[in-house]
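Quick one: dock chain against chain with the hints and give me the complex.
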Amino acid sequence: MYISLLKRAFLFALFALFGLCATAQSNTYLYTNIEGYQAFLAQTALENTSGLNKKLQKQYSKIIEEKNSALIKQLNEKGFLFDTQAYPYLNSILNNILEKNSLDKSRYHFFIDRSAEVNAYSYEDGTVICDLGLLGIIENEDQLAMVFCHELGHCLLQHCNKAIVAQLEKLNSPEFLARVKAIKKQRYGVNTQLEGLLMADVFDRRRHSRSQERAADSLGMILFRNTGYSGKNVARLFDLLDSAENKTTACTIKEFFDQEKMDLDTGWFKPVKQMRFGGNEKKETADSLKTHPDCASRKAIMLASFNDNPKPGAEFVTGNISRLSAIKRIALFDEAAYSKEKDNYGFYLYQLIENDAIFPSDNNIKTAIFETLVSLCKYQRSHILYTVVNSPYATDDDKDEYAKLLQLLDRISLDKLIRITYIYYNNNKALITAPKQTINDYNTLNN
Amino acid sequence: MRIKLAIMALMLLSFKGFGQDASKAFDGVKDITLRNIGVIKKNNVIEGYFSFYEFDKVDRKTVLYRLNLVDANLNDLGAKDILGPKEWELVSSGFDGNNFCFKFWDEKTKTIELKVYDQQAKEISSSTIKVNYKPTGGDYQKYSSMATPEINIANNNGFVDYVFNDPNNAFIVSYINGNTKKVWQQTYEPEGKSKVMIPGYLNANDDVILTGVSRVEKGMYNTKTDHSILANSTADGHVLFDMSTEFGDNHVVPINAIFEKDKIVIVGLNYKTAKTYTTAPDGLAFIEVDKQGKLLKSNFKTFEESLGKYLPIADHRLQDDYYIYIHDIVRTKNNTNIVVAEKFKKGTDAGGIAMAAFSAFARSTAGGPIKLQLENMVVMEIDMDGNVLQAQEIPKGKTSTGHFPSYIGLMSPYLLAMAAESWGWMDYMYTLKNEDSSELTFSFIDHDKLDADAKATDNFGQIKYKDGKFSSDKIPIKNEKADLSHLFPAKAGYVMQFNYFKKQKKLTINLIKLNN
Numbered sequence: 001m002y003i004s005l006l007k008r009a010f011l012f013a014l015f016a017l018f019g020l021c022a023t024a025q026s027n028t029y030l031y032t033n034i035e036g037y038q039a040f041l042a043q044t045a046l047e048n049t050s051g052l053n054k055k056l057q058k059q060y061s062k063i064i065e066e067k068n069s070a071l072i073k074q075l076n077e078k079g080f081l082f083d084t085q086a087y088p089y090l091n092s093i094l095n096n097i098l099e100k101n102s103l104d105k106s107r108y109h110f111f112i113d114r115s116a117e118v119n120a121y122s123y124e125d126g127t128v129i130c131d132l133g134l135l136g137i138i139e140n141e142d143q144l145a146m147v148f149c150h151e152l153g154h155c156l157l158q159h160c161n162k163a164i165v166a167q168l169e170k171l172n173s174p175e176f177l178a179r180v181k182a183i184k185k186q187r188y189g190v191n192t193q194l195e196g197l198l199m200a201d202v203f204d205r206r207r208h209s210r211s212q213e214r215a216a217d218s219l220g221m222i223l224f225r226n227t228g229y230s231g232k233n234v235a236r237l238f239d240l241l242d243s244a245e246n247k248t249t250a251c252t253i254k255e256f257f258d259q260e261k262m263d264l265d266t267g268w269f270k271p272v273k274q275m276r277f278g279g280n281e282k283k284e285t286a287d288s289l290k291t292h293p294d295c296a297s298r299k300a301i302m303l304a305s306f307n308d309n310p311k312p313g314a315e316f317v318t319g320n321i322s323r324l325s326a327i328k329r330i331a332l333f334d335e336a337a338y339s340k341e342k343d344n345y346g347f348y349l350y351q352l353i354e355n356d357a358i359f360p361s362d363n364n365i366k367t368a369i370f371e372t373l374v375s376l377c378k379y380q381r382s383h384i385l386y387t388v389v390n391s392p393y394a395t396d397d398d399k400d401e402y403a404k405l406l407q408l409l410d411r412i413s414l415d416k417l418i419r420i421t422y423i424y425y426n427n428n429k430a431l432i433t434a435p436k437q438t439i440n441d442y443n444t445l446n447n
Numbered sequence: 001m002r003i004k005l006a007i008m009a010l011m012l013l014s015f016k017g018f019g020q021d022a023s024k025a026f027d028g029v030k031d032i033t034l035r036n037i038g039v040i041k042k043n044n045v046i047e048g049y050f051s052f053y054e055f056d057k058v059d060r061k062t063v064l065y066r067l068n069l070v071d072a073n074l075n076d077l078g079a080k081d082i083l084g085p086k087e088w089e090l091v092s093s094g095f096d097g098n099n100f101c102f103k104f105w106d107e108k109t110k111t112i113e114l115k116v117y118d119q120q121a122k123e124i125s126s127s128t129i130k131v132n133y134k135p136t137g138g139d140y141q142k143y144s145s146m147a148t149p150e151i152n153i154a155n156n157n158g159f160v161d162y163v164f165n166d167p168n169n170a171f172i173v174s175y176i177n178g179n180t181k182k183v184w185q186q187t188y189e190p191e192g193k194s195k196v197m198i199p200g201y202l203n204a205n206d207d208v209i210l211t212g213v214s215r216v217e218k219g220m221y222n223t224k225t226d227h228s229i230l231a232n233s234t235a236d237g238h239v240l241f242d243m244s245t246e247f248g249d250n251h252v253v254p255i256n257a258i259f260e261k262d263k264i265v266i267v268g269l270n271y272k273t274a275k276t277y278t279t280a281p282d283g284l285a286f287i288e289v290d291k292q293g294k295l296l297k298s299n300f301k302t303f304e305e306s307l308g309k310y311l312p313i314a315d316h317r318l319q320d321d322y323y324i325y326i327h328d329i330v331r332t333k334n335n336t337n338i339v340v341a342e343k344f345k346k347g348t349d350a351g352g353i354a355m356a357a358f359s360a361f362a363r364s365t366a367g368g369p370i371k372l373q374l375e376n377m378v379v380m381e382i383d384m385d386g387n388v389l390q391a392q393e394i395p396k397g398k399t400s401t402g403h404f405p406s407y408i409g410l411m412s413p414y415l416l417a418m419a420a421e422s423w424g425w426m427d428y429m430y431t432l433k434n435e436d437s438s439e440l441t442f443s444f445i446d447h448d449k450l451d452a453d454a455k456a457t458d459n460f461g462q463i464k465y466k467d468g469k470f471s472s473d474k475i476p477i478k479n480e481k482a483d484l485s486h487l488f489p490a491k492a493g494y495v496m497q498f499n500y501f502k503k504q505k506k507l508t509i510n511l512i513k514l515n516n
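Here the protein sequences line up with chains A and U, keeping their order.
Quick note: the first sequence uses our numbering, first residue 1, plus one each step.
Quick note: the second sequence uses our numbering, first residue 1, plus one each step.
If we strip away everything but chain U, and leave its shape as in the complex, we get (with noise of 0.2 Å):
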C-alpha cells in the first residue's frame, strides 16, 4: 500500500505539459491472484485474450472477480466487474462479431452458466445449465475431457455449446443470441443405448446448427461406431434433420459442412468399415445435402487414388509403415479443401520393454513398451471432387509420443494416434485463420536443429497457405535469455510468447512474427 502510495506521489511531480491530457488506466491495489486466462475466438481467428481475477471478496459466499479483455495486438478493450460464488471458472470465451460469451464453471454446484457482454461491457443474456453427470474426481478438467469447453460462434449471430447430462447416451446443445436475446437448450437423446457419444460443432447460420454426432456402440470390445448429423433450428433448437453418414459401406465421420445456396456441402473423413475410431481412413467423403437432410450428391475418393502420385501409399500405409493421421480439414476462400496431417507409425523402444516387464510386477495400467514414432506434416490442398491438388511434406524433427499404457498398447496404429491425440501428445497443434479465410495456418511442435550447426532445440512451427502456396517457419519455443518461456496461440501469422526472467523478476509477453 505504501509503495502504491508513493507511486501515486511520483506521479505528482512534474507539470506534464502545457497539452492536453487524459488519464483512464487504474491498476489493481493490491496483489491479484489470477484465475484464468485464455484466447476470445470466433471460431478459427484470435480475436483477443481475456485474465480473470478475484478482485475482492463481497460475502461469505460471493466474490468480485475483475474481468480484463485486450484485443489480438495486446491492446486493453477493457474491464467489467462480476459477481459470483467461490468456485468459479471462466473456462472459455468467445466473440461473434457483436457480443462476447463467456462460459463459466461452478464447481460447488456443478453449473456451466453462458453469460453474453455487448462491447459496452454490459450483459445482455445468459443461460445456465446444471450438469447431472459427475465424472470420477469431479473436477471441471475431468468434465471437459468429455465435453468441449469451446464456445463455438454462429455465423456472427449467436453462440453454441455444448453439454453432457449423460455422455453415454445424451448431450445438449445450447444457444445464445445476444441482439435476438433467444437463449434455448435441446437435449438430443437418440433411440439405443452406446459406450460413448460424442458432439462435435460443424457449422451455424441463423437458419440452422449442425452437429457432428459420433457414437461407439455398446459393448465390452465392440468398436463399431455410428455417424451422424444433427441439425437444428437456430430458431428454437427443435430438430431439422438426424442424418445418418453411413451411405453403403462408405463410412463417413463429419470434419466440416459448408452452407452453400441451397445446400450444405458436408466433408468428411470416409472409411470402408465401421470401426473408424481404430482403422485410418480409406480417404475423403464429399457429401452434398438438401436444407431437409435429403442425399443430393456423394463422393468418394480413396487416399490411394488421390494421394498416391503425391505419396505412395498401400492399404492405408505410407512407405516404411507410416501412416498419416489426419488433424483438419479447412475450406479455402478459394473453395478448395486443405487438409493437414501428420506421419507416425507404430514403434517400440528398449527402455520401454524393460519399463513394461518391470511395471508388469506393480501395476497393469503402468507404461507398456509401445509408443508412436512422429514424423514429418503433411498438408494437402483438395478440390470438392476429392482431387490432390497439391501436396508437400512439411519437414519436421523425428519425435516420439510418450509410451501407452500396457492394456492398450497392442490396440491399432491408427487408435494410438487417436488416444495419442486426445492425450495431447501429438505435434500438431492447433488451425488458425484470419477474418476472410485469405491466410490459414496450421501450427506444430518440432524438435530439430534450426541451423546445421546449431543444437536441437524445441521448435515452434507454422505452416501457411496463402494465395495457393504452402509455406512454414520455425522459431524456438524459449527465449534464449529467459528462464521460463510459454507460448500462446496468436492472431494468424504470429505466435505470443511469454517469458519470465527470474533475476529480474521481470514478465514480457510478445507477439512474435513468423516469416512465412
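Same shape as in the complex, but just chain A (with noise of 0.2 Å):
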C-alpha cells in the first residue's frame, strides 16, 4: 500500500509539473491528405511490382490492396491521432532522423496508432507507425528515435517486400506446386503432411524474420549514429520493452474501491484456477515461433556497439522533458478514448481507474468512469455485456489488474453494479458534470 501511494504520488508529481493545463486537448484523428496518401500509395505498389512476372504481380497487388484499403479504413475510422501536439512533436522526431541520413522525406510517412499496444511498425511503402502505448514506456527522446531508427531500418532494407516476394516466389515455385499436388494425391495422411508443410514454413519465416530485426537493429544504429541523439541510455529501450508486459498499475481495483469507501465482495477476487490442456512449448518451438530475438541479446549487441564506439549527443533534440510528459499524458487519455470508441468499456474503465489515480481531481475522469459504470449497468440490464467487455481470463500475474477488473465485471451482480455506480456518483458528484441524459439513465436505474 505504502508503495503504491509513493508511485502515485511519483506519477502525480510528474504529470502535474506538465499536465496542469489539463483535460481538454484540440485532438484530431482527421487526416487531410488521404488523396495523397493513396497515390502515394499506388505509386508505391506500382514501383514494388514491376520487377515481378505476370502472375506474381497479380497476386502481389491483391495483397497489397487489401493492406492498403485497411490502412486508409483505419485512417477514416479515427484509427491514427493528428493533434497539435504528439503528433508534430513525433514526427519532427521522424523528419530529423531522415534529414540527418539524407533520406528523401517524400518516400515516408509517419501515423500515431491510437493503440494502447507498446509497439512501432512499418509497411513497405515506407510508413512507419508509433502506438500510442509505446509512449507509456519512453524514457527520453532518444529512445523514441531509435525506435524509429530501427523501423526505417526495415524500410531501408525492404523487409516487407522482400519477405511477400520471396514468400509468393516460393508458393508459386514448381517444387512447392510439386509438394503440395503430391501430398494431394495421396489417400491417407493428406492433412497432417500439408500441416507439416505449412508449419516448416512458418517456423522458417519466423527465423527469417528474427535475422531481418538483428538486421533492423544495425541499420538503426548507424542511422542513429548520423543524428545528434546520446547512445548512453538508448540500449534501456529493451528493457523497458521487456518490463512492458508486466506494467505496473498507477492503482489496484482493491484501492480504487477502498478509495471511493465500496464494500467488496471477496468473492469477485477470487482466484481461477488455471487449467490447461497439453503443456507449455517446448522451449525451442517457442523461440521458433517468436518474430523477435530476446530483448536481452539486441541490448547486449546494442550496448556493445555503443560501449566500444560510444556516441556523444543529447537525449532530447527537438523537444524536451517537458513536451515528452505532455505527450505521455496526451497518450494516456487518447488510449482510453480509444477504447471507449472501439466499445470496449471493460479496458476503458481500467484505463480511467488508472488515469484517475494519477490526476486524482481530474472532472473528466470522474465523470468518465460515472458515463462507464452507468453504460455498463444499462449493458448488463439488456443482457448484452458480452459486446462491451472482453471475457476473464485466468493469469499466474498477481499484478494483472485488468485481469481482475474482468473477473469483477463478471462476477457483479447487477444490484451491486448499480450500488457501486450510486457509491461513486455520491463521492464525486461535485466533480461530475455528465449529461442530462446519463443523469436520466442513472436515475432509471435506481429506481
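Don't read these hints as lab results, they were simulated from the structure.
Do not rely on the hints blindly, as some may be mistaken.
Lysine-lysine pairs mimicking DSSO-like chemistry, simulated, CA-CA at most 30 Å apart [said to hold, decoys possible]: (1) A:Lys273 to U:Lys181; (2) U:Lys466 to A:Lys273; (3) U:Lys502 to A:Lys73; (4) A:Lys270 to U:Lys42; (5) A:Lys162 to A:Lys254; (6) U:Lys481 to A:Lys378; (7) U:Lys181 to U:Lys195; (8) A:Lys181 to U:Lys42; (9) A:Lys378 to U:Lys455; (10) U:Lys57 to A:Lys184; (11) A:Lys185 to U:Lys108; (12) A:Lys273 to U:Lys261; (13) A:Lys299 to A:Lys436; (14) U:Lys195 to U:Lys218; (15) U:Lys469 to A:Lys261; (16) U:Lys478 to A:Lys378; (17) A:Lys436 to A:Lys340; (18) A:Lys162 to A:Lys181; (19) U:Lys502 to A:Lys67; (20) U:Lys506 to A:Lys184; (21) A:Lys340 to U:Lys506; (22) U:Lys333 to A:Lys270.
So, in C-alpha cells, the structure goes:
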C-alpha cells in the first residue's frame, strides 16, 4: 500500500509538472491528405511490382490492395492521432532522423496508432507507425528516435517487400506446387502432411524474421549515429520493452474500491484455478515461433556497440522532457478514449481507474468513470454486457489488475453494480459533469 | 489451399513491432467435419467445452482426431491429436480438478472407452468395456437412453461411469483415476429378475461410491418398484453395502447423498406406496446411515405437513388439480436443501382428440388426446428435518407437452410427467452451481411476454439461489438479428448462445450474463 502510494505520488508529481493545462485537448483524428496518401501508396505498389512476372504481380497487387484498404479504413475511422502536440512532436523526431541521414522525406509517412499496445511498426511502402502505448514506457526522446531508426531500417532494407515476394515465389515455385500436388494425391495423411508443410514454412519465416530484426537493429544504429542523439541510454529501451508486459499500475482495483469506500465482495477476486490441456510449448518450438530475437540479446549487442564506439549527443533534440511528458499524458487520455470508441468498456474503465489515480481531481475522468459505470449497468441489464467487456482470463500474474477488473465484472450482480455506481456518484458528484441523458439513465437504474 | 496461403502471405505485410511477440495459434488447413461438441463438467459445475473432429485419415481403419478444449470463459486450453477407429464418438467429458476424462463410443465394436488425460494432455489411464446389450436400432442414441452418458466425478479424485450389459438385471460400475492409476469394473447383479434396472450416481469420495438403484418388478402389468443404495469401495470396487430404501411403509427414491464426518445423509423422495413410478411423492425423506450402511436416523415429512403453509396441498395435489414434479434436490453451502419442481396437470385438447380419433384407425401408437399442461416453477428451501424454510413459485408461461401416445394416455399424471421428462417435454432444463456451491442455478424454458407490450417469445429462464435468496431472470432464446440461435449450458449465472447469421455466413458464440 505504501509503495503504491509512493508510486502514485511520483506519477502525479511527474504529470502535474506538465499537465496543469489539463484535459481538453484539441485532438483530431482527421488526416487531411488522404488522396495524396492513396496516390503515394498506389505509386509505391506500382514501383514494387515492376520487376515481378505477371502472375506474381497479380498476387502481389491483391495483397497490397487489401493492406492499403485496411490502412485507409483505419485512417477514416479515427484510428490514428493527428493532434497539435503529439503528432507534430513525434513527426519532427522522425523528420530529424530522415534529414540527418539525407533520406528523401517524400518516401515516408508517419502516423500515431491510437492503440494502447507497446509497439511500433512499418509497412513496405515507407509508412512508419508508432502506437500510443509505446509512449507510456519511453523515458527520453533518444529512445523514441532509436525505435524510429529501427523501423526505418526495415523500410530501407525492404524487409516487408522482400518477404512478400519471397513467399509468393516460394508458393508459386514448381517444387512447392509439385509437393502440394503429391500430398493431395495421397489417400491417407493428407492434412497431417499439409500441416507439416505449413508449419515448416512458418518456422522458416519466423527464423528469417528474427534475422531481419537484427539487421534492422544494426542499420538502425547506423542511422542513429548520424543524428544528434546520445547513445548512452538507448539500450535501456530493451529493458523497458521487456518490463512492458508486467506493467506497473498506478492503482489496484482494491485500492480504487477502498478509496471510494465501496464494499468489496471477496468472491469477486477469488483467483481462478488455471486449467490447461497440453503442456507449455517446448522451448525450441516457442523460440522458433518468435518473430523477434529476445530483448536481452538485442540489448547486449546495442550496449556493446555504444560502449565500443560511444555516441555522444543529447537526450532531447527536437523537444524536451516537459514536451515528452505532455504527450505521454495525451497518450494516456487518448488510448482510453480509443478503447471507448472501440466499445471496449471493460478496458476503458480499467484505463480510467488508472488515470484517476494519476490525476485525482480531474473532473473529466470522474465524469467518464461515472458514465462508464452507468453504461455497464445498462448493457448488463439488457443482457449484452459481452458486447463491451472481454471475457475474463486466468493469469498467474497477480499484478494483472485488468484481469481482476474483468473477473469482477464477470461475477458482480446487476444490483451490486448499480449500488457501486450509486456510491461513486455520491462520492464524486461535485466533480461529475455528466450530460442530462446519463443522469436520467442513472435515475432510471436506481428506481 | 490457395486462400489459406494468401492469408499467410498477408501476415508478412507489416513488421509488426519493435516489441516482442510469440504466435502459438495454428488453424486447421482444410475444411473439417465436427464430430462432437459438448461440455466438460465437474458434476454440476461447467468447467469448459470440447470439440472433437476428424482431422485426417491415417489408414483404412484409423482416423486422426483432433480434440480442442476451451475453458468456461471460452479461452483456449489446448488441443490433442488422438488416433481412433472410424466410427468413433466422443459422448461426454469430465474434469475432476486434476485430470480430464473422455468417454468414447465405438459404434462398430459397441465398445465404451474411458480415457484419462492429465493437464499436459498426456493419456495416463484408460478403461474399455465391450457392451453386450444390443438395443433395437443399435446406435449410441438408443443405448444412451438407457445408460446415462454423463461421467460422474468422485470428489476431485477419479471418475465413475455406469454401463449396461443387461439392462434388466445387471449393470457395470466403472471407476478410473488418473492420479492413483486405479481402474476397476464391477458388475452389479442382485438376486431376482426385474423388468428394468437403472443406476443413478449419488456421490463418491476416496472411500466409497454411492449409487441409487431403481428396479421395476417383473410382470407385464406390475408397476411395483424396489429402490436401494449400492456402496462400492473406491479402492477396488468391492461391495461395502447394498441397502434397501424401504422403511416400513416408506419407499424412498434416493436423489442425493452427502458425506458427513461418520455418517452418510441420503435425501430422497418418499412414497407411501411401492408404485413410485406411477404416483406422486408424499414428501421428502432424510436418511442417515453409518459407513456400513446401518440405519442411524430417518425422517419422513409429508408435503402436506411441510409445504402446506406455502402451497395448499391435499392428496398429492395442489389447488385446481395441479401436481408438482420434483426435478432435483441439491445441498446448499449452508446445509439446507433446495428442491426444484414444476407445476403441471393432466389435460386434453380438441385437436388432440380429433387427431387421436383419426389415428385410431391408422396405428395404435399414434398421439392420443392427453397432454400435460406445464405451469410455474416451484423452488423450496428445506432443512435437514424436512421443514420448509421458504418456498416460491417462479412465474412461467403456461405451455403444454406433446400428446402422449394413446396407449399410455390413461396412466397416472405422475407417470406421464416422468415420461414427459425422459422425452425432454418438461420445461425444466438443468441444475448448475459454482465451484464453492455459493450459487445454485436452475434453468428452464419459458414461453411468455418479457414486456407487457411485447410479443410472447420462447425464453430461457434461470432461477438463482444465492445468500439465502431466490431470484430469477429470463432472456429470449433467439437473438433478434440471427437466423438461427441455440443455447448451451454455461457457467453458473450465464448461458451460452450460438447465433448463425445466414447472410453474413457468420457464427457467433456469446456468453450471456443473466441479471439475477
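Structure-inconsistent hints, enumerated in ascending order = Hints 5, 7, 8, 13 are the ones this structure does not satisfy, whereas the remaining hints hold.
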